[in-house]
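*Asks:* Below are the chains, spelled out letter by letter.
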Amino acid sequence: MAIRQEDFKKLIAYSSVANGGYILIGLAMGDALSVGGALMHILAHAFASAAAFLAAAAVVHRTGTTKMSELGGLIHRMPLTYLVYLIAIISMAGIPPMAGFISKWMMFQSMINNGMIFTAAAAFFGSIGSFLYVFRPLSAVFLGQLSTKHENVKEAPVLMMIPMMLLSLITLFFGVVPNIALGVINRVQTSLGLPGLALEGTKIMGSNGVLDPTLITIIFGVGFVVALILFILHPKSRKVGLMDTYTASEFIWTPELLHYAHDFYAPFERLYNKAPRTESFYRIIERKIEELGRLAGHAFFSYKPGTVVFWIAMVTVSLLWGGALWS
Amino acid sequence: MSKINMQLKELTENVGKSYSVLQVDYPTPNQAALDFQPGDVHAVLAYLKGQGFRQMSLLSCVDWIEDGQFQLVYLLFNWEAGLRLQVRTRIDRANPVFTTVTGIYPGAKYYERDVHEFFGVEFNGNPDSSKPLFLENWDDMPPMRKDFDPQAYSDRKYKAREYKTDFNTKAGEGQ
Amino acid sequence: MKEVKLFLGPQHPGMHGNSSIHMYVDGDIIKRSYLLPGMLHRGFEKSMERRTWMNNIALIPRICVPEPDPNEMVFALNAEALASVEVPERAHWIRMLVLELARLSAHLMAFGGIGGPTGLYTAMYWAQADRDSILTLFEEITGQRVYHMYITIGGVRKDLPKGIEKKILAFVDDLESRLPDYENLVLNNPSVQARTKDQIMLPAEVVWELGVTGIGMRSSTGKAYDLRKVTPYARYDKVEFDVPTATYSDAHTRLTLKYLEMYQIIRIIRQILDLMPAGKVREKALDGSALRWQVPAGQVYSAVEASRGEYGYYTVSTGGTMPYRVAVRGASFPQATLGIEKYLPGHRIDDAALWFDTMGICSPEIDR
Amino acid sequence: MVINQLPLQILTGLAILAFAFFWQTSLSGITRKIVARYHKRYGPKWYQEFRDIFKLMSKTGVTHGWVYDFGVMMALGGIMATVMFMPLMKFTAFPGFDNFFIYVYLFAVGMLGMAMSAVGSGNPLAGIGVMRALTQMVGYEVPFMIVVLAIINGHGTSSLSQLAAIQQQAGVLSWNLVKMPIGTVAAFICLLGMLGKKPFETFIAPAEIASGPMVEYGGKQLGMLMILHQFSIFIEVSLFMNLFLGGAANPLGFALKYMAVYVLASLISQAMGRFKIDQVIKFFYKIPIALAILQAVMVVYLGWGV
Amino acid sequence: MATADKEKKLKEGWEGISRFFRANSLWMLMYCTGCCAIELPQAMTSRYDMERLGMGPMATPRQADVLLVTGYLSVKTLRRVIYAYEQMSTPKYIVAFGPCTINGGIYHDAATVIKSLDQYLPIDVYIAGCMPKPEAVMNGFQDLIDMIKDKTADGWKRYRDNYDWYKQNQIESLGELRIKDEYHE
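Residue numbers (our numbering), protein chains in the order written: chain A, 1 to 327; chain B, 1 to 175; chain C, 1 to 368; chain D, 1 to 306; chain E, 1 to 185.
Hints listed in this document are in silico derivations from the structure and should not be mistaken for laboratory results.
For glycine and all other residues, C-beta sits at the position ideal for the given N, C-alpha and C.
Where hints are given, some of them may not hold.
To be verified - When the alpha-carbon atoms are kept at most 25 Å apart in a straight line, the in silico PhoX-like pairs for lysine-lysine are as follows:
1) C:K229 x B:K131
2) A:K236 x E:K133
3) E:K149 x E:K9
4) A:K10 x A:K236
5) B:K9 x C:K280
6) A:K236 x E:K180
7) C:K31 x E:K133
8) C:K197 x D:K282
9) A:K236 x E:K11
10) C:K167 x E:K11
11) E:K6 x E:K149
12) D:K40 x E:K133
13) E:K180 x E:K11
14) B:K131 x B:K159
15) D:K286 x D:K197
16) C:K31 x C:K158
17) D:K45 x C:K167
To be verified - Here chain A is said to cover these stretches of chain E; the calculated rule only asks that three of the stretch's residues, wherever they fall, bring their Cβ under 8 Å from a Cβ of chain A:
18) 57 to 68
19) 80 to 90
20) 145 to 152
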């Protein structure tokens, strides 16, 4: 659903629906690793989507529209917002240096152990799908051609920048050294009677593999440095304007005509509108979830962290209580 | 041209009955050339299309500069019978205006644009007949007219390579 | 809706020749497209008016590059019709041989060229290799690989070299033995079928509306509309061959027709080689030097079945040493200009290059 | 994480990196010659790929702003990090950490970097190319993952070197190729998708979108992208080799298996034309997924594959 | 001082090495500007196989280093060729086919065909023959490779140095270089 969205903000909203699904899978599995993963995912997703929403607000504040087809090329005017949004989507898509990866990794470990192939396949399709629809606003809004309307757009105001940068730093920090957060989650789990996570220094002992986020980030840093050296060593390339691109050597003057953003994944969507039945079926579920989400959001998603932790505890307790009753 | 196609002969007869044919000529056994007044060209074309001449191969224009006239030639071809017809008409060279035939043969749209660009014949009825097609910001008279001299134009615009001794002969004179 | 402007421009890997298609694309469906020709416009018709009849023989093959021989043939037919020159028997047969070999090389290039848009580079390499051996045959017959200037007014420039028949027969047998490999590689290839099976349709009424000729017409109307059958020129009536036709014209059928026509061409070449009489090859149409030769006044149009369709010249002569006016009818002019404007929109971006190829569009013909 | 061992491990990682580059580039040069024979001609010299890459590095290219350069560096950095984790014959740079998911996700960093800088170059064709690359990625990742999940579930460990060790116990018989033939076929088709070989070459389709995302690259950026391409081929083929052909204890075994897989993929690609993007997705969601699920069900619920 | 000339020697050494690489891997821009382009597929495919010299067709000007001007150039094509040439990354070379680029060849009296190309673009290698044969084309490429090796193929330097002379010629005979009419909005 999110892939089809035309509106920038709606798209990020839908991404929360998808990540909500992950959290449910994690919790439902019930063994230590997956619950830990789910909780971590709640944390990571909270930060990431908050940062993304703030970046969207900055864009709207400056350009006034959230329609992706009108925006374009804002990176040249709002680089910092771009950076914030980039880190947010890396975490949402679950790519290594950020927190999102840790939680997804833990959930996948547990999913494999319990041999739930179909849920694993659906989860993996969801994660790659999230990479798809999360990349779309990045390319439609920030990259590509800068349309003449937004020539004199300024960077987001400083006041807005501070929370955004803070949020992205936190996601980066949790991605590199997750054990602090996992330590907290561990205490939550042990208090609920679940077996604690096997943590050792910066390594996380998964069921069939070991993950060491800090090592990964270091190696990624080494790779980046090698690429940097390669880049600087060689002759400097000359700066060229945006409009000077390959147009099969024909001439073109208006930037809007060169910005490819409107229904970005046309072929992909065409596959889906051939199956209307499933579409309406999803829409019913979606409405149900939305009501549930609104109800839940209205009930406990207020900004004070206290109530949030309280409600998480309530949910886990009821789950465990149910679990105990059940087994 | 003894063995002229019999079909062709009686075809030209019954065309001649309804429209005044100025002149008939048979360049090859299965081809006939008919001259008409500009007025009834459209009627003839519509009639011939009914007779099986469904394909218009070419619309071209000949610039008779001495008698100050453009000659528009419509070449029709009948695939079943293998007959070819030239429908020719002469229009004034001073302000060449003619109505379009895209109603009968839609394919003529770009031929008309081509003739307009090279000869300057106005085709009213063809929406974009006056748009430039082949030549880009052309600043001289339509190039295919007899009084346009390409050699002079190209010497003026494009610097030729100076040879030490000037031995490229002048272009052959006309007839 | 917000549209993006894309170009299948003059400099594009999918574009054979040199004209540019401007496409307005929404998502990946082409909404509006038009052709911008004129990149190769050299004012041929103007230059022809400034050259004598014999000089033109050297100029005209430059018009259409993949298949230059129909130009010379049609120019010669026009002049002979006007000056009522009788061409000797052997010259007719040699002309047919040269025309069929040129047709075969153009078909090979177009058939292999389908490898470009569909990504099957092996077909392109094979087809070009075979086309190359035809060009070497031409080099022996006419002295030049591509522009032969071999068919002149009144016959053919000079007789066939000794022992050329054996070489042509050897080549033709070798090619015929390898044609089934082409079929397996291109026509039965599942990925090419996925790209061309009922993709780019050409219904019969569109053919009549635009005036498309050649394979486009034969594949959609289902009738054997081939100028060599309808108005036989140069002894085509003495050679039997059949014309493959189809009624459901999609990209795949057009490709199959090209493939089947190759068999027919080989059949014709074999018949030409054993039915060819001996004798004179050139009718001396004039006394003294060819440059002062004058063709009597008159206006005539004659057309030849080129690999892409009906290719014709309209010559007007006022009895001078130079033609008064020559109009060239390119075989792919209708489908390139009006076809792209009306019938390309609605396809997808990746079909555009395929559309351009299977319609057999050759841009030098459009610009003249 | 033991700090003092780190510099040594990084050195071995860099050694693997260098070996991967030289091995893969010379192999792709040899493959170009084999493919040329397929076209009835002599191909270029075997070190032609080296010449191409270093020529590109010596040219002054063009840059479209910092995103364009940063994206290329991020992509190359991500891919290099993945190669460093890759187990090579006997020795691995970071024992114990070569977990399957790291490869998949670090590979995604490379893809994101390239996609970001391609669209950053402001060319619509690059945008379309990136869209096709991402859509295709959804296509070939899911079946590949299902098969790999089945293997990990069956063998209980997701680290490549251990998987390779398990497969080498009983020689050829214990290869996953033999034990899970259906899964291997599905994985090979996905490998073709990953490598971007001919049937699934929609995102670099020269005839339609003029070499897709690479439209605006020239000079050293294109050189770095070609190095990235060589590394990604190395990762994918050795991933396939470790999972299905039982890794490689000795160099000769490694060379033969690697070459067999890569040359077979190139030859198949020469005989196939290019699909359209939605045909690619439809194809992937029909045959490979069915094979993968069948294989997974056999392994997980019936326990045959182990 | 010592570091300066050591720096220069190093740069010189690196220049030599990169010249070797540039010579042996020339990428050709896939742009058939004129009628001699029909012989390029012959030169690329099985019989004459350009790839042995390390040459291959590339899709966009950014990636290519050799621009082949095959045959005559009409005014419209020249504008596009100049636009493509300026997009190419240096060092770049131009190979001109046939007599039409030298003095207009058979189209010396045509109104839309330019007379001599080296007024507008710096040419490195001319190949003779109206429709030069594939052997001549390969021979021409071999000459270009030798010229690159001994540093004489410096068309792009000439273009960069007297840039305004070339631009003045182009504007004088082409009118405006970038067309802005109802087709190119």
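*Asks:* Now, for every hint given, state plainly whether the structure supports it.
*Replies:* Status of the hints after comparison with the structure:
1. Distance restraint check for K229 (chain C) and K131 (chain B): the Cα-Cα separation of roughly 39 Å exceeds the 25 Å cut-off, and the hinted pair is therefore not satisfied.
2. Annotation: proposed proximity of K236 (chain A) to K133 (chain E) is violated, straight-line Cα distance about 40 Å (limit 25 Å).
3. A threshold of 25 Å between alpha carbons decides the hint, and for K149 (chain E) with K9 (chain E) the separation of about 18 Å falls inside it, so the pair holds.
4. Distance hint between K10 (chain A) and K236 (chain A) is unfulfilled; the C-alpha atoms sit about 41 Å from each other, more than 25 Å.
5. About 35 Å separates the Cα atoms of K9 (chain B) and K280 (chain C), which puts this hinted pair outside 25 Å; it is violated.
6. This hinted pair does not check out: K236 (chain A) and K180 (chain E) have alpha carbons roughly 33 Å apart, beyond 25 Å.
7. Proximity of K31 (chain C) to K133 (chain E) is assessed by CA-CA distance (about 42 Å); at most 25 Å being required, the pair is judged violated.
8. A distance of roughly 16 Å separates the Cα atoms of K197 (chain C) and K282 (chain D); the hinted pair therefore holds under the 25 Å criterion.
9. For the hint linking K236 (chain A) to K11 (chain E), the alpha-carbon distance of about 14 Å falls within 25 Å, and the restraint holds.
10. Between K167 (chain C) and K11 (chain E) the alpha-carbon distance is near 57 Å, which puts this suggested pair outside the 25 Å criterion.
11. For a cut-off of 25 Å, the pair hint linking K6 (chain E) to K149 (chain E) stands: about 23 Å separates their Cα positions.
12. Annotation: proposed proximity of K40 (chain D) to K133 (chain E) holds, straight-line Cα distance about 21 Å (limit 25 Å).
13. Restraint check for K180 (chain E) and K11 (chain E): not satisfied, since their Cα atoms lie roughly 44 Å apart, outside the 25 Å limit.
14. Between the alpha carbons of K131 (chain B) and K159 (chain B) the distance comes to roughly 29 Å, so the proposed pair goes past 25 Å and is violated.
15. Restraint check for K286 (chain D) and K197 (chain D): the C-alpha separation of about 19 Å stays at or below 25 Å, so the hint holds.
16. Simply put, K31 (chain C) and K158 (chain C) have alpha-carbon atoms about 54 Å apart, too far for the 25 Å limit, and the pair is violated.
17. Distance check on the hinted pair: K45 (chain D) and K167 (chain C) sit about 34 Å apart at the alpha-carbon level, beyond 25 Å; violated.
18. By the rule of at least three residues with a Cβ nearer than 8 Å to a Cβ of chain A, the coverage given for the segment 57 to 68 of chain E holds, with 3 such residues.
19. Only when three residues or more bring their CB closer than 8 Å to a CB of chain A does the claim for the segment 80 to 90 of chain E stand; here the count is 6, and the claim holds.
20. Chain A is given as covering the segment 145 to 152 of chain E, and this is violated because 0 residues of the stretch bring a CB closer than 8 Å to a CB of that chain, at least three being needed.
In summary, the structure is inconsistent with hints 1, 2, 4, 5, 6, 7, 10, 13, 14, 16, 17, 20 from the numbered list given earlier, while agreeing with the others.
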